[in-house]
Every structure is written in C-alpha cells, then in structure tokens.
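Protein chains in written order, with this note's numbering: chain S, 1 to 431; chain U, 432 to 862; chain P, 863 to 1293; chain A, 1294 to 1724.
Calculated from the structure, these hints are not laboratory results.
As the structure is a computational prediction, the values presented were derived from the model and not from experiment.
Wrong hints could be hidden among the right ones.
Listed below are several chain S residues computed to face chain P (Cβ distance under 10 Å; list not exhaustive) [what the hints assert, rightly or not]:
no., residue
1, G144
2, T156
3, S199
4, K232
5, H291
6, L293
7, G295
8, A297
Straight-line distance between alpha carbons at most 20 Å, and here's what the computed SDA-like set of lysine to any residue pairs gives [claimed, not checked]:
no., chain 1, residue 1, chain 2, residue 2
9, U, K629, A, K1360
10, U, K750, U, D617
11, P, K1058, S, R105
12, U, K629, U, T564
13, P, K1058, S, G179
14, A, K1489, U, K750
15, P, K1060, S, G166
A few chain P positions that, by computed beta-carbon distances, are all more than 12 Å from chain A [unchecked claim]:
no., residue
16, A958
17, D970
18, A1012
19, Y1042
20, D1154
Note that the Cβ used here is the ideal one computed from N, Cα and C, for glycine as well.
Protein chains: 4
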Amino acid sequence: MPKDMTAPSTDIFERRESAARSYCRGMPATFATARGSQVFDAEGRSWIDFLAGCSSLNYGHNDPDMKEALIAHISGDGIAHGLDLHTDAKAAFLAAFERHILEPRDMDHRVMFTGPTGANAVEAAMKLARKATGRTNIIAFTNGFHGVTAGALAATGNGYHRGGAGMALQGVTRMPYDGYFGGHADTADFLEVMLKDKSGGIDAPAAILLETVQGEGGLNAARPEWVQRVAKLAKAHGALLIIDDIQAGCGRCGSFFSFEEMGVTPDIVTMAKSLSGFGLPMAMVLVRPEHDLFGPAEHNGTFRGNTHAFVTARVAIEKFWADDGFQKDLADKAALIHDRLADLAAMVPEGRIKGRGLMQGVDVGSGDLAGDICARAYDMGLVIETSGNEDQVVKVLAPLTTSQEVLRKGFEILLKAADEALAGTTKMAAE
Amino acid sequence: MPKDMTAPSTDIFERRESAARSYCRGMPATFATARGSQVFDAEGRSWIDFLAGCSSLNYGHNDPDMKEALIAHISGDGIAHGLDLHTDAKAAFLAAFERHILEPRDMDHRVMFTGPTGANAVEAAMKLARKATGRTNIIAFTNGFHGVTAGALAATGNGYHRGGAGMALQGVTRMPYDGYFGGHADTADFLEVMLKDKSGGIDAPAAILLETVQGEGGLNAARPEWVQRVAKLAKAHGALLIIDDIQAGCGRCGSFFSFEEMGVTPDIVTMAKSLSGFGLPMAMVLVRPEHDLFGPAEHNGTFRGNTHAFVTARVAIEKFWADDGFQKDLADKAALIHDRLADLAAMVPEGRIKGRGLMQGVDVGSGDLAGDICARAYDMGLVIETSGNEDQVVKVLAPLTTSQEVLRKGFEILLKAADEALAGTTKMAAE
Amino acid sequence: MPKDMTAPSTDIFERRESAARSYCRGMPATFATARGSQVFDAEGRSWIDFLAGCSSLNYGHNDPDMKEALIAHISGDGIAHGLDLHTDAKAAFLAAFERHILEPRDMDHRVMFTGPTGANAVEAAMKLARKATGRTNIIAFTNGFHGVTAGALAATGNGYHRGGAGMALQGVTRMPYDGYFGGHADTADFLEVMLKDKSGGIDAPAAILLETVQGEGGLNAARPEWVQRVAKLAKAHGALLIIDDIQAGCGRCGSFFSFEEMGVTPDIVTMAKSLSGFGLPMAMVLVRPEHDLFGPAEHNGTFRGNTHAFVTARVAIEKFWADDGFQKDLADKAALIHDRLADLAAMVPEGRIKGRGLMQGVDVGSGDLAGDICARAYDMGLVIETSGNEDQVVKVLAPLTTSQEVLRKGFEILLKAADEALAGTTKMAAE
Amino acid sequence: MPKDMTAPSTDIFERRESAARSYCRGMPATFATARGSQVFDAEGRSWIDFLAGCSSLNYGHNDPDMKEALIAHISGDGIAHGLDLHTDAKAAFLAAFERHILEPRDMDHRVMFTGPTGANAVEAAMKLARKATGRTNIIAFTNGFHGVTAGALAATGNGYHRGGAGMALQGVTRMPYDGYFGGHADTADFLEVMLKDKSGGIDAPAAILLETVQGEGGLNAARPEWVQRVAKLAKAHGALLIIDDIQAGCGRCGSFFSFEEMGVTPDIVTMAKSLSGFGLPMAMVLVRPEHDLFGPAEHNGTFRGNTHAFVTARVAIEKFWADDGFQKDLADKAALIHDRLADLAAMVPEGRIKGRGLMQGVDVGSGDLAGDICARAYDMGLVIETSGNEDQVVKVLAPLTTSQEVLRKGFEILLKAADEALAGTTKMAAE
C-alpha cells in the first residue's frame, strides 16, 4: 500500500472530483472496508448499511463465498476482461442462471450482456423494442427511473435528471403510474382509452416500460392486477412489455424477479445492480427468443460481460437461489421491516408506508424531514437514504442477508433519528 | 469450483446467449486464463493477444502488481461497491492521477466518474457540453465511434450500429474527418467555412467531439495541425472541444493521452477501456473546472466509481506513468510494429499502413481479405481483429507491455496468415 | 372562357390529381357557382351547404358586399400581392379589426400575418412560445387538430394524419381534453398533478395549446371552468396559453372568438378559415405585446398578408361585427340547430348532441352510420360531413348567415337521410 | 371604399402589426395600386418593381387577361372556396397544365394541391418522401431556403430563421451546395463519398432536396452536371430527388421549370409563388405516380386548392406557355440583365454576377453596401432587395414581362444608386 493511502484526506475530492459527486456530501466519511451489513471508515468507525449500494449489495458486502471464488479466479490468472468471447466463467454463470432461475420459472428468455450498467441495459431494451416493432414510441410512467443516458433518460421522469440532458429528449410518452391520481381512478383505464383512440395522439408503442416498484420514484408499488392489465394492453397493441427489474429484482421484493407472482411474462427484462452479487458492475437484458433480434455486436460495448462479475454472480445464484430457503427467509424479514416502518409511520402525521418486500419505506410528507432523519441516522451509525419526487420517502434498502438482529439495531437508530428530527421540527415550529 | 465448470460446453451459449454476441463467433474457444500477452483456453491451448480487449488491456492480462493489490483489497474486505461515496481507494487513485498525470501536464481538469463504460462517459460529456453552452448540436466526424447508447450513438458514424437504434438519432452534425477526401482538401477548411456561414445550416455547436485516432473507424490518424485547427474553430465558435480518448488514450498512441504532443487542451476528455489497467469496467470524464457544471448526481449511475478498478488503476498509474521509462519503451515498440506492418503492407497490392503509436494496422483493401487473414491467424495462435468501415483494416492492438520477442512472434504468425490468405485469394482468382 | 372549360370532365382529376384528394370522393360533382348557403354544379344541380368550407365560409358564399369590394379592388388595379409591405388594404383591415374586435374586448394583442393557412399560424404560435420561454415542450390534447405540417402535426392527435409524417414527431406532450374520461374525472386535475410533480416526466411547457371546441376531433366542447383552470395552470407554470380559434372562431361558437365568455385572455390566438370572410386564404396570429418577439421576417412567408383577403376581411368585420345584431341572431340559430339535432339524436340509439353554438352535431355511435347519413344527404341535396376519431359525428357547419328557412330545409334533408340510413342499418341487421 | 381608407396612416402598423413585419421597414410607403412592373402608393408616387413579390409576380401586377378572368369568375359567383372538391376552375387549370406544361415535357407527374404556401408544398414533399421510403433523413444544402414551418425549416440553412424555431430541428443532413468550396472541389464528390461510406454517419436518405438556383441563399446557380450527379446519387441510394422550384420555376430561369434543360426528372417538384400568375396564394407538389402515396386527406389543409388562383393560373399557362414565344423573349431579357449587371459588377471591387436567367444579381461583397444600394434605389423609384448569407447580393427579380425599356430604366436607377453608395463608401473610407 503506497504511503499516500495511509491517511487519505478528503482534500483530493474537493480539489479534483467533479461537482457531480453526491452521496459523499451527506455522508462525508472516507469508507475503507465493509462486511455483511456493516461498513467501516478508515478510522474504524462503523455504520449499519440500510442503503446497500442502492440495492446493488442485496447479499451484503464481501460475501465470503463470492470473495473466495473471486480471489481464486484472480489468483489463478482467470480472464479479467474477455469482451464477449466465451469464457469458462460466463458459461458457468449462464448454466447456473438457466438452471436455478430461468428453467424453474419456465422462462425461455435469452441473455444479452450489455455494458455493465443499468442504463445500458435499458438502452439496449428500448432499442430492441424499436427494432422489433419498427415503431419509435415507448410508453414510460410518472416517477419512473431508468438511467440518465439519452435514450434511458427520455424514459426517466425526474425533472432534475432530465434537465441534465441539455436538450429535448424524444421517443417516450409519459403515462400515469398505478395509483398516480390516488383512489379516484385506475390509470390503466386511461392508458387503454388513449391507446384505443385513433385520435388520442399517442403513437403506436414499441414497448411499455415499467418498474413494478419504483425505487427512485418513491417506492410506489404497482398492484399485480394493474401490471397484468398493462401487460394485456401491450400485447393488444403490438407493443413489447419491458420490466425494468434493476432495483426491484434479485430478491429485493421477496422473490428473484419482482414480477414473479404477478402472472405476467415480460418480453424483455432489464437487470443490473445486485446481479453480480458482490457489487461489481454487471448488467443484462433478458429477451424472449422471438425478439432477440440484434445482429452480432449491433449493440456492443467493451465491458459487456464483466468476467469477475460472472464469477461472483454464479456463486450468488447457487448460494441463494438453488432452493427456496432464502426466499422464505425474506418473507420474515419483510414482515419485520413492515412492522418497524409502521412504528415510524405512526410517529409522523400522515406518515405512509410504501413499497413492498425488502423495498419499503415511509413517506414522511416532506423532503426536509426525510433528509433530516437520514442525516441524524448517519450521525448515529446508520447509512440510509431518501427517495421520491420530493425526496420525501425514507427508504430502507438493507442487504437481504441482514440478520434480524442487525435489522432491529438499524431500526432502533432510525426511530431515534426520526424522534429527534420530529422533536426538532416541533421545536422549530414552536419558536 | 463447481462441477459444471470443469468442462464447459459451448452449448449453453448457443442455447441462452443472445444473438448479439459477436467476437466468439470467429474465435470460438472458451477462454479460461491469461497472463501478460497470452490467453489460454480451458484445454490449455494458447494465443498471443494482438487485440487486448480492444485496447482495454494495455498493460496486459493479470499484471502481477495490480493483481496483488486487488487480492489484498478483496482479502481485507475493502469496499467493493461504494456508489460515489469517498473511499480510500478512490482517494488513492485520484492522488496518483493528479500527481503523475494531471499535474505534470498542467491540466486543471476535474474528474467525473460516470457509469463504467465508454459510452456513459461520452453521454456525460455530450450532456455537459449542451448544458454548459445551452446549445444542442454536437459536431462529430465520419467514421467516429463513441458508443451505442442513444446519445453517443448519434455521434457514432457506423451505419450498422446506427441502424440498431430503431429510430432517427438527433443532436449531431456529421463532418468529414481529417483526410476524408484524400489529399485533395483539408477538411478543417470545410468545417470552418460551414461554421462561419450564417446560412450554412449548421447550428451553433455545443461541442466538437473527436478521436485523434479513430480505432473502430479504421485507424485513421488525424494530423496534429488538423486537431489544432479544429480546437481553434471550437473556441472561436463557443463550442467545447471533447476528445474521446477511450481507445487511443492510456498510452496506446505512445503517450498517456493521445493528444499530448498536439498542443491542444481539450475542454473535456473521455476515458475508459484501459483506465483500470486490469480490464475492469471504469470510465471517467475529465472536465475543466469552468465546465464542471453538473449538480450533485445530475448525471448519476449505480456503478459510477468501481472500487476494484480504483485499486488497479492506481497501481497502473504508479507503475507505468510515474517516470518516462515506459513511454520511451513504447516508442521502440511502435517502431517495431511499424516495420513489421510495412512488410505486411508490401505483400498486399495497395496495402497501406494506418494509425500511429501502438495503434497501427494495414488497410488490405477488402474486408474479406482482412477477415481471412485474421481467421487464419487465430487458427495459428494469434488473436487479432479488423476495423474500418468495410472491416478492411487488420488492426494490431497488442498490450503495450508485450515484449519485443512476443511482438515478433505475433507478427510471424500474422505475416504467415497473410501469405496464406493472399495465396488463397490468388488461387481463387486463378480458378 | 376557353373551350375546354365548357364541359369539364372529371377524367382530368383521375388522371392528374393526387390520390390525396379527399372530399371529392364522396361528393363527386364538379361545382361551379355558389351563393349564400347554396352551391351549384356545372349542370345546375344545387345543394344546401352545411359544411361551409369546414367553417371557412361563415358568412356564406360570395357575400355581395365583399364581392363588390373585391371586384372594385381588382378593377382598380389594387395590389394583389404585397409581401408584408404596407398597403392601404392592410391598413384598413387592421383599423377595422382593432376598432370592432380588439378594442371592444380590451385586447392589446398584436397581429402577425403568417402564411395564409391555419397550419402556418399554428407553427408560428408554437415557435413563438418556444422562443419566448426558452422551452421546447408544448402541451396539446387528445383529439386536437392543428394542421399537418411537421410542427403543427406534432400537436395534432389524429393517428392517420400523424402517420403521414413518416417520422417521429417531437416537442409535444399529449394530455386528455376536458371530459376525456367521461364524468369520472376532471382532466385538469391530471394536468395539474403531472405538471406539479418534479418527477412527473412532463418537461416544463412553453405553451398549452387548445381548441375550446374540437372541430375535427368530434365537436368536443370544453367547459369554461376547465379552460379557466388550464389558463391558470399555464400561468402558474410559466407557459403561454395558445387558443387555436381557427375553426371555432369568427363567430362559429356564437361570438367572434370562441373563448370570449370564458374569462380567459390567451397569450396567443391563431386564426384562419373564415377570417377573410370570403373563403380566401388568410391566417394570423394574435399575440400579446410582451410575447411579440420574432425579429423582422424571423418567421416569414411569401404569401403572408393576402391583399385580396384583407379587402374582404375588412368588409366582413365591418358588416357583421360593428354592432351586436349579428351575434344576437346567431343565438337564435344555435337554438334552432340544437333543436333539430335533438331530433336527430333521438332517432339514434345513444345518439348524443355535441359542440356548441353553430358548431354542433350528433354522435351517432359509428363512423359507418355517420358516413351513410352524410352520403344520403348529399344525394338529396345537402353537403354535410362527419368528424371525430371514428368519424362518428354528423357535423353541422352551416354558414352563420344561413336563413332559418334554409336551415330548416337542410335539416329536413338531414333527418330524412338519417331515417333512411337507420332503416338500412336495421334492415341489414335483420337480414 | 370606406372613409378610413382614403388616407391610411401607418400608425396602425406601428400600433398593431407584429414586430415580425419586415419589408415595410426599408420600404415604408403605403402601396395602393400596381400595373405590370410598376407599383404606386396612395399619394401617386411610383416605383419600378425589381422584386416582383420575391418572384411571385413573374407576369407582372394585375395582368389584364388574368384580371378579366378573375373578375368574370367572381361576378358570376364562381366558387371562391372549394376545399378539394372538383370545381370547373380546377379542372380547367389541370387541363391547361397537363396540355401545355406536363405533356410537352413528357412528365407523368400527378398534381397534389397543398395549403397555398411554398412551405406547405415542401412539408408535403418531405413527408411524402419519408412515407415512400420508410426513411427519415433528408439531405438539404448549405444556403438552401425552403420555408420556416418546422419540417421545412429543418431543411433551410439560414441561421436567423432556424433560430426562430426555439428548438432543435430534425430529420435533415446538411451538405455543401455546388461550388460551396470554390473551385477546389466538386461537392458532389463529397456527397458520393459520404453516402457510400458505411460508417460515414449519414443515414440512408429518403430524399435529396435542392433548388437549382438558390434565390434566398444568394443566387447560387448549380451546374447542370452537378444536378445530374446528385440525381444519379439519389437514385443509386434509393432516395427521391425533390426539386424545390418555388422561386426558380414558372419561367424565372428562362424555361417553365428551372431544371428543364438539365436532363433530370425529379421525383417530386414543389411549386408556389408565381404559380397563380396573379400573386394569389397557390402551391402544389408534382409527384411521379409511383410515389403518389398519401391516402385521401392524409396531408390536408383548408385552403388546398384556391379557386381564384386556379382561374388566374390557367390564364397564365395558356397566355405564356402555350407556345415558345414567351420563352424566347426571356432569353433576350436575360442577356440584357446580364449586361447591365456586368456594369454593376465592374463598379464594385470583386463584384461578381450570380444566378442565371431572370434570376441574377451581383455579389457586392458586403451586406452593408448591398443594403445601401437598395435603399438608395428605393428612394429613386426602384424596388429591389438583397439576398445571400450576408445579404451581400443585389438581386434582380423583375417581372418576366417587364419591357426592355422599363428594364433599362430600372437599371439606370440601380447603377446610379450603386454609384452613389460606392461614392459614399469611398468618402467614408477617406474621412
């Protein structure tokens, strides 16, 4: 280890890192190591992690089995970078994914490895749908988040991110997500009426693109029956159904895919984040054979197929998804999370629990309050973040492998932070 | 290692991997390990590597120092995924990059870590230029390659890739690259005339985006004076100069940046491929402070900042760029490569050497011939690929660390392959 | 008159006119003369006109006063084509328009003469709103019709017309018009929610563009309170309110502008169709002084300012709008039309009266039936057309000057045609 | 004539006409009448007209035969507005156009009447080409002018007009017009190279759109061999050739179409301006039968088919194009114009004659000088305007019917104005 690593100063970040840096502003520690659900900074201070790399670390930090396999691979001079050549590591991942994920779910999808980011998977999916249908228009939803490269950003609802484009984005029609207008109306009705109307002004869609739970959008969870209706509308109008399972997939909602129990078979699924299991960059697109229409390298990218990630991703699949033990365990944790969040929601006037599975949180009504709670939690040893169009949702994205004990500890901190934040709010209001 | 990895069959690729897979079609081995400039398949067959992950492995496979540092990091439960939080690994990389790369070159650029693909870096650069100038139009060049996500693809010239978009791309004006019309005309003249013309129909550009050597485009190398003129035109017209150094940077052209000796200071530089040194996904945008205008997370991405890559990238910088030894060595190798390619060019009617530094090749006049040469080379133990708008250029992208001995061996195979291919062509022509 | 005009054959249309011709397919007569509310073919057959050039002949055919003024102008070698130079005819029109239209309504709008088509006025209005706000997005509504040139077509809802573009259209977000989802929901609520939502994915609008009655869209009439809310939303979000009064203006809804009694002041109004009074091509954009931002000729066009049209348009303003007599008369006729359409609606199962003023019709539930009724009416001497997304609305657009007697005659034919068509339908259903 | 027309004040224009008004700023008279090549203001002052409504009055003002036919039509209650119904006037125009224009030139084109502006014809042509080919991209040229509605504006080169869009325009690739880089290079070579290049980044074009003489662009006249090569390139690449003959057609270049003697048959021709003969709004698209692909009303517009214009357009065709007398006369006048312009060019350092036929002018090297000359000419009784990307070309667009005597008088004024302007310039330079 070189000398200048022993006492890293944050000056270098101020001096040289772009103003686009973000999380480090609210959580300014310099992190050094991490195990399971805990992270440590260089001075040995520790935090419980209820953020999990925004759901990229569903199996926790440095899972020992993945770690062992990865070190073995590197030690043995395993391929690190293999373009899209055949490698033993890729074959092993594919075999495990087929055996434990695709076959048990009767999915005949092909696996397309894209550049290892969620945005890239979404871009590939959107392009594929347009190529397959000869249509341009893709329907996406309010509060959806699909990435910030130009194609994906057109589908992303967030105005701050959209503004970063510096230009008008194209090719996407926005429709209201499930529950968008409260209980008054089923937004699938609107979608149906507008698609059927010959003068509705919505061009025939290449695809309908959705998250079953909108992570960045505020933990909005679509009802299964809404997803089913949207799936039927897609089919009826010759559009592909793309489910973006980047944040909600890999067990986050309680099953491997977020849509498993909804009775729909997406034409295309995008995956990234926790796919590698270890937090390594990896992304892929699952596509039904009849839509697997890109020619060789028509959509390409130097890092499509990250070999290190294949190694850990294979272990993740084999360790957690070869039988139903893990999934059962998730149900218990989801219940615990829901209970504790109910406590939090009860503390806040009009607090509302949102999301499902291990992707839940509480809408506390204002971004200021949610931010205050998270800032106080960080000071007390809990890494946690907000989401939502006003950053008004305190979002729990703990590793799925977090023990009930650590979950409880984390919630203790969270509730204390909320208590203090609310007291502060009350105090301020009183002054 | 699980049982099903011992004898990986390629059936799984046929059965489950998308038709978009590409390199594996011409090089069907299942690769397993690699060291330096050699790759090995599971049965122990070996190849000299003149492709180097399309210039992503400039320091060879599994460099022992990077490998050691990476294993130490993983073994010690170093952070694997850290979003854009401060980590010791990131600090160390930034410090090394500042000390050995930016400061000696008087570059005051800030470093923006984007999603770890070249395309993402290009997308960020294009967005930034648009945001900074309030303009939409970006000038890109014939035969440029900048990635296949929607924003970057608009700047990419390749029609096959563009066709994959399934829609009209926008925001880019195409201009002829240096030498595009042969010796008859300086294309910078055209650019100047069209930009100056109030009715030229070229909207005021946010940026001019170029590679100093077009790797995918056929190893077209721009003259320094052309790049200088383009830089001046950019400045005169209020546009940013973006140099895409994803393939040509990291020493590939003989110096760390491809533009170092050209007397230009780009406003923005995009980097990826060999940046991590080890073939791990990593990308970044260098941007002058006055244009570092994204707000926090305005351009974001889960994998921005790949911590494993920071570890190996730091070693790469410190090992190869702390003094000028490596760079001097590159000059010798570039000369050797040029000599051997001259032999190849001499074998082919109208064969032409293209490119510069360690990014050279021979235009053999037809894609069929170039493909035949590469296929024969593969069969004889050399991994090498074509590039160019007709795939007519045999392209040598050996690791920069390849010894002169291995370079010579590789060229022996290449020349033999060319000899046989030409004999076959002649034979066919004679029949 | 040349010899070949004496007995014009329709062969020439078959042989030489484009397949894009339309009305002549269902109404194949060769028309020759017209007076008031009657048209005549070359053989002397006559029709009552309930189409009025799609509301371009609100004052009937060949109004004697306009005719006299126009002949005087031509006879005296008055300017026929004057670009946008000052002419006495333009001055006189402007003076009359200011005195009788703008001043009494407290409108400080400037008058911009565009190319003499409604589409051109809409294009100018959209460009102006974008220039004024620096934003691209324009909100338009389901079933809106604003023209078929690329900018206006983006705002037009009709899928058949949109398909004619041969490309994806851009710059417009579609929202549901008043009453679009029936009684269940106020669509202004949706607009409000989506505009307010920072992640709603609707970019900040340059303008909201609407017709108060959608003529082509099926005579959908917006409620005044809906228009008021939309106007407030526009203001609150920094968008201009553009009212497209091309079909609904010039008295068609009972007052000069369709929005007069709604309590809104549009930032921009587009006018065409009946503006010249005589059916001559003329269009203009009314724009509040603070948004009158085009530089000289920034939006131009050879035929902006049709001098012959200025002559007749002045007469139309002075004859019909100098006092309130005409407007009072319109109220009586609107009542008569409503009564007769009630009779028609009653004949049809689920028949519904639509529209308002002298822009009413009946939704007969199917395009086939509506088409059948109009075809039979034509055969019996009444020119009338359908509108709506399924062509399901029989639309009455009689000249506003049609006498009550002629209106009654026209309705006699219409009701008889409906009776026969329904009998035919019943008969077919019975068979 | 109403009282307030007797002494029209220009106050009304200041008060109520949009800032977009343009020609009236430099020529502030209020014009009232016009005959042949002369225009008169209300006070009886007269000007010779070398502008001719920007080539909309090729047969002069108020041609007596057209005038007589138009008055007869109006007096007899001829149809004024007929949508796209069959009318006797349309039949007569089509018959005359077929007999005297299309048949003698072996043109099998169909006639599509669009909204009566050149922009609308161009929009229709572009849409048609896209629909016919299934491609989006249209190639247009530097300094081309095709109108300012969004589709046409994308093809227009002028930056001032483009800026009026308030948004990025799309669907057009810009290429250099003939002679754009001076004598150094044939720009058709560039077009060929870029179209052939699979990585040239120019998407396969739906059409190539050009003017044979660029009127607004500065009287740039393409060589016939260049137009022929472009026509061949269009064909070779599956693109339609669209010739925009709006300004250069109707005899302006010496023959009815500007391309007649070039040996090319455009797939589509756009016409407007002088088509009606009388300065009335009229436009049309000529399209070869195999590309006549719009369905009924797919491209529509209320004023498609201006009946008054049909009446005068028929007379224009029969009077001027039934035999070759007029065309022969044009050749003489073109020679006279060329001679006089040679005198003007000789007065100006580096003055250059531009254009051809009766569409010629002199590039005087600066917009200031050209503007000064035209302003002085106006004061001396000559209406004349500039064109070009710097407004540096003094452009003569006299009615084709102007007698040699009047032409000479006009040139006397023009040369005197130039003399004074140059003296002024010299004087200023001397001071």
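Here is how each hint holds up against the structure:
Because the smallest distance between the Cβ of G144 (chain S) and any Cβ of chain P comes to about 7 Å, under 10 Å, the interface hint for this residue holds. The criterion of a C-beta within 10 Å of any C-beta in chain P is met by T156 (chain S), whose closest approach is roughly 7 Å, and the hint holds. Nearest Cβ of chain P to the Cβ of S199 (chain S): about 4 Å, under the 10 Å cut. The hint holds. Checking K232 (chain S) against chain P: minimum C-beta separation of about 19 Å lies over 10 Å; hint violated.
Because the smallest distance between the Cβ of H291 (chain S) and any Cβ of chain P comes to about 21 Å, over 10 Å, the interface hint for this residue is violated. With its C-beta approaching chain P no nearer than about 20 Å, L293 (chain S) sits outside the 10 Å limit, and its interface hint is violated. Because the closest C-beta pair between G295 (chain S) and chain P is about 23 Å apart, greater than 10 Å, the hint is violated. The interface hint given for A297 (chain S) is broken, as the beta carbon of that residue sits about 26 Å from the closest beta carbon of chain P, more than 10 Å.
Only pairs whose Cα atoms come within 20 Å are accepted, and K629 (chain U) paired with K1360 (chain A) is rejected, the gap being roughly 41 Å. A distance of roughly 40 Å separates the Cα atoms of K750 (chain U) and D617 (chain U); the hinted pair therefore is violated under the 20 Å criterion. Between K1058 (chain P) and R105 (chain S) the CA atoms are separated by roughly 41 Å; this puts the pair beyond 20 Å, and the hint is violated. For the hint linking K629 (chain U) to T564 (chain U), the alpha-carbon distance of about 19 Å falls within 20 Å, and the restraint holds.
For the hint linking K1058 (chain P) to G179 (chain S), the alpha-carbon distance of about 16 Å falls within 20 Å, and the restraint holds. For a cut-off of 20 Å, the pair hint linking K1489 (chain A) to K750 (chain U) is broken: about 45 Å separates their Cα positions. Using a Cα cut-off of 20 Å, the hinted pair K1060 (chain P) and G166 (chain S) holds, with the two alpha carbons roughly 17 Å apart. For A958 (chain P), the requirement that its beta carbon stay farther than 12 Å from each beta carbon of chain A is not met, with the minimum near 8 Å.
Against chain A, the non-interface label of D970 (chain P) is violated: not every CB pair exceeds 12 Å, the least being about 9 Å. The Cβ of A1012 (chain P) sits about 3 Å from the closest Cβ of chain A, inside the 12 Å cut-off, so the non-interface label is violated. With a least CB separation of 24 Å from chain A, Y1042 (chain P) remains clear of the 12 Å interface cut-off, as annotated. Not every C-beta of chain A lies more than 12 Å from that of D1154 (chain P), the closest at about 5 Å, which undercuts listing it as non-interface.
When each numbered hint is compared with the structure, violations occur for hints 4, 5, 6, 7, 8, 9, 10, 11, 14, 16, 17, 18 and 20.
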